[in-house]
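Participant: As a plain string of letters, each chain reads:
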Amino acid sequence: MQWRTLLLSLALVVVIAPRGPVTVQADESTTPGADLTSAAEIVETCAGCHEIDGPGYAKNPHAVFNTDAQLAAHYGVESSCTACHGDFEAHVESAGEDGTILAFGGDDSFLTTIEACTSCHADAHPRFLATGHAAAGVACTDCHDIHASGSAPGLLSMPDEGDLIGWDQVAEIGAASATCADCHSAVMAQFDFNEAHRLREGVISCIDCHDPHAPQARVRLAAFKQDQCTTCHADKSGPWVFEHGAQRVEGCGACHSPHGSPNRHLLAFQNQAELCYSCHAAVPGFHTRFVAESQCTNCHVTIHGSNFDPAFLE
Amino acid sequence: MTHRQHLPKSGAAARRGAARRLAGVVLAGLLVAPVVLPAPAAAQLSDSDGLIRIGYRFVDIDGAERKYREDLNLDEGARLFELRLDATDLGSALDRATLDIDNYGGDPFETLRLDLRKHGSWNFSYQRTKSAYFYDDLILPVEQAGDPALALAGDFHTFDFDRVRDTAKFGLRFSPRAKLDVGLERWTKRGESTTTLDISRDEFEFDQPIDDSFDQLRVGFTYDWGKTTLVLEERITEQEYDVSIFLPGASLGEDPNDATTLDFFFFDRPATVDSNTHTARIVSRPADRWTIRAAASVIESELDTDASQEGRGTAFTGQPLDIDIEGDARVEYDAEVFDFDLSYLINERLALVGGLRRHAFDQQGDVQLNVDGESVWDVETTGAELGLEAQLTATVTLSGGVRYESRDVEHAQTTSGPLGELEEYSTDHDGFWTSLGWNASKQFRLEVTAETSSYDDPFTLTSPSDRERLRLHARWNGDQGVYFDAIAVANSWENDDSGWEADTENLSLRAGVRRDTFDLRVGYTMVETDRSIDQLVTTLPGFGGGQTFLFPTLYESGADFIDLRARWRPNDRLQLGADALLYDNTGSFGLEREDLRAYVQVGLLDGYLVQLAYRTVDYTEEAQSFDDYEAEIAELSVGYRW
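In order, the protein sequences belong to chains A and B.
In this text, residue positions in the first sequence follow the working numbering: the first is 2, and each later residue adds one.
In this text, residue positions in the second sequence follow the working numbering: the first is 4, and each later residue adds one.
Just chain A, with the same shape it has in the complex (with noise of 0.2 Å):
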């Protein structure tokens, strides 16, 4: 395999590469935690040409800065809008020209907006730059609206779906479902099959089972496949005397489609004895008399594992 070449090629691109500053937080040698007096005043300045949500932004949790300069201290920024968008003097003596001020957007980089973000979170998103996510050029901005002033958890910049309430998308399957499907709609119409997953009657979202910030979503390395499942369906955890080995080691995925299919229990097969089949390649004589359409689990009752019997009779 050629993956160790492309070892060796990645440490040497990172021993190569220029180290170019990185404008992501306030200058340092700006006062951590500025009194509010010079706060109150910097959001003036903004509000002279950018339209800020006055009242509503006051509802955003990242208005606390405005108001709590030792929260602000703790962060090493300042307060205001400075504590994300970096230092603003250049910006307001060009009158607002593009590239004065980190803005989130047109020729700033995904990475910048993803260190802007994790400079504060990264206690909560550590690992964001690890994600499938973040290697698709997805920023934080993607999906949470920074200075939304709506409800939505998260600041989850969902699908506008206005007022229009009656099965409205949002009401149905919450807003953090309704923020994925707007890039995964390819996904979201599996949870349309017969047998699926109760995300469209809003029971569970997308993030009950996958982590947006976790590396999980491109590689979940050394950690059982099964984990995310037996949350909800911890009797099917186990552990158990007789082990069903596929269950223990491949995970559910071995024999079920997790979002939705159009067999019974979200099997892979409709017919049993065809799913079964496929792995057990030497069962008992008598076997013979079974045929595709068969159940195989009206006899092997405790198909997930058992505590008496090693072919899960009992």
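Check the hints yourself; a few may be wrong.
Said to hold, decoys possible - Once the Cα atoms are required to be at most 30 Å apart in a straight line, the calculated BS3-like pairs of lysine-lysine come out as:
1. A/K237 / B/K182
2. A/K60 / B/K182
3. B/K172 / B/K133
4. B/K230 / B/K182
5. B/K182 / B/K172
6. B/K182 / B/K121
7. A/K237 / B/K230
8. B/K121 / B/K172
9. B/K172 / A/K60
10. B/K121 / B/K230
11. B/K121 / A/K60
12. B/K121 / A/K237
Stated by the list, open to error - Which bits of chain B does chain A cover? Going by a derived footprint, with three or more residues having C-beta under 8 Å, they are:
13. 268-276
14. 340-354
15. 364-371
16. 390-399
17. 430-444
18. 533-543
19. 558-568
Claimed, not checked - Residues of chain B clear of chain A, computed beta-carbon distances all greater than 12 Å:
20. F61
21. R315
22. E426
23. Q483
24. V485
Hints in this document: simulated from the structure, not taken from any laboratory.
For glycine and all other residues, C-beta sits at the position ideal for the given N, C-alpha and C.
Given chain A's structure and the hints, the job is docking chain B onto it.
Facilitator: This is chain B only, laid out in the frame that chain A set:
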């Protein structure tokens, strides 16, 4: 054994007619109201807004009510359809309170979410979800099924239970540096089910009430030094399973010609699982652009069960059958998980990411009941990945990396005598991923993601030795709310050892237009799946075994989904909406489902509103009509928005 039969029921035509007449009258009133009523006053900006909508649902089912309960399961009756509350003017101790309640009053899917928070100080959230699950497959006697294979296709298991999950979280920040998190989670699964057991070479159907619970307490303490954060967390979990199986009455068994009978039978096997998880996690940013995370968890778990079986009847030999045994089972495992993650922003346009994990699982179990059994499972997995992410130009992003995982499994089990030699399985996995993003303009974006993986010695015959994934996503956001979105995903797996192959192709095309007064979205999704293996099955010696036969398997599924969503608000008082979902599956299990919905909502004076909604679902299976049903659902509700 008596086969359960749930043949199609005829609809209650009279009730349906009355519901339709009522709906017609209400609909006429709703359409006239916006004309005769004065326009409502402009909405007042407030620090508290919300909505409550209550009403009555009418349901009429024609066909297999059993399948309707598996599929939709919406019952007739009064409901609190939705309650939304968002308040921000709550004094100095509370910044925001939100409450969302959906479908309360007997629906199979009820949700309640409460969130209270003081930004930067404390937060509390509580969530309750109820999900009812019903499953009752059709079992037909051979003479009625016509085809013996169709009679065998039935499932003797039935389920009718509710899952209820309560989650409460409380976070308290003592200071900018210190924070306490407490979480409580309770999960219950209660209801009825049936199962089968083989007793003296005959199959019997038993009742198996369900009473399972899961309780978890999580306490975490976070201390932040600014550049470094330490998290200590303790989880205590208790699971209880009150499992008992009993015969609902004397039975001749599935094969009435067999001599085996049962007068009574009980099998009690209540079980408890106690687990403790200890976690320590450090996140450090030793310098700007560096983030390092290291975590270690130790999990200890123990299962205990005392079991007893008691039964009386006639064995297959014709001799009296007397069962009276007691025993117990015990399983213990320890798991250790170590994580290390690193990300380094080399400069504004280039980042290095990497991770290293190790997971060790060590389990022993033993049982004394009808067998004297013992088992051992050791699973050790080590994985690593390393990648680079780059903003190549203002419009192009590119990332790529490699991953590696090694898994060693050791396993042995016995049902009599000492454990034999451990069987060993080792699987190595390496792979490569890359992603390219191109913002061609402010309106158009294209993403391409590709992954390839190779596995040595896959664990099962359907575990992949090779896997490939390709995803394309293009999106165009035009002016005036017009957008097009296209996603294509292709996955393929194969196992070189067994000849197993699986392919999934997924295509999603969506378009929409949104204006101030209307919103129209149309989508088409295709999901095609193929799985095949020509399995050579060997029968073990005995009972006519010692043979090999070919068991070819080919599973195909071609699902097409067409959906439409339209909303129109011609004026401030009137809203009209329509949804359509057409689902057609072909292949190994052909079926169609049409799901059509429409509603009209009228705003009355002072925030009051009234809504009439109608939904019809037509479910049809291709092979036979036993599960077909049609359902009509009408909802009349009144609400108040503030």
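Participant: Which numbered conditions among the earlier hints are violated in the structure presented, ordered from lowest to highest?
Facilitator: 1, 7, 12 and 22
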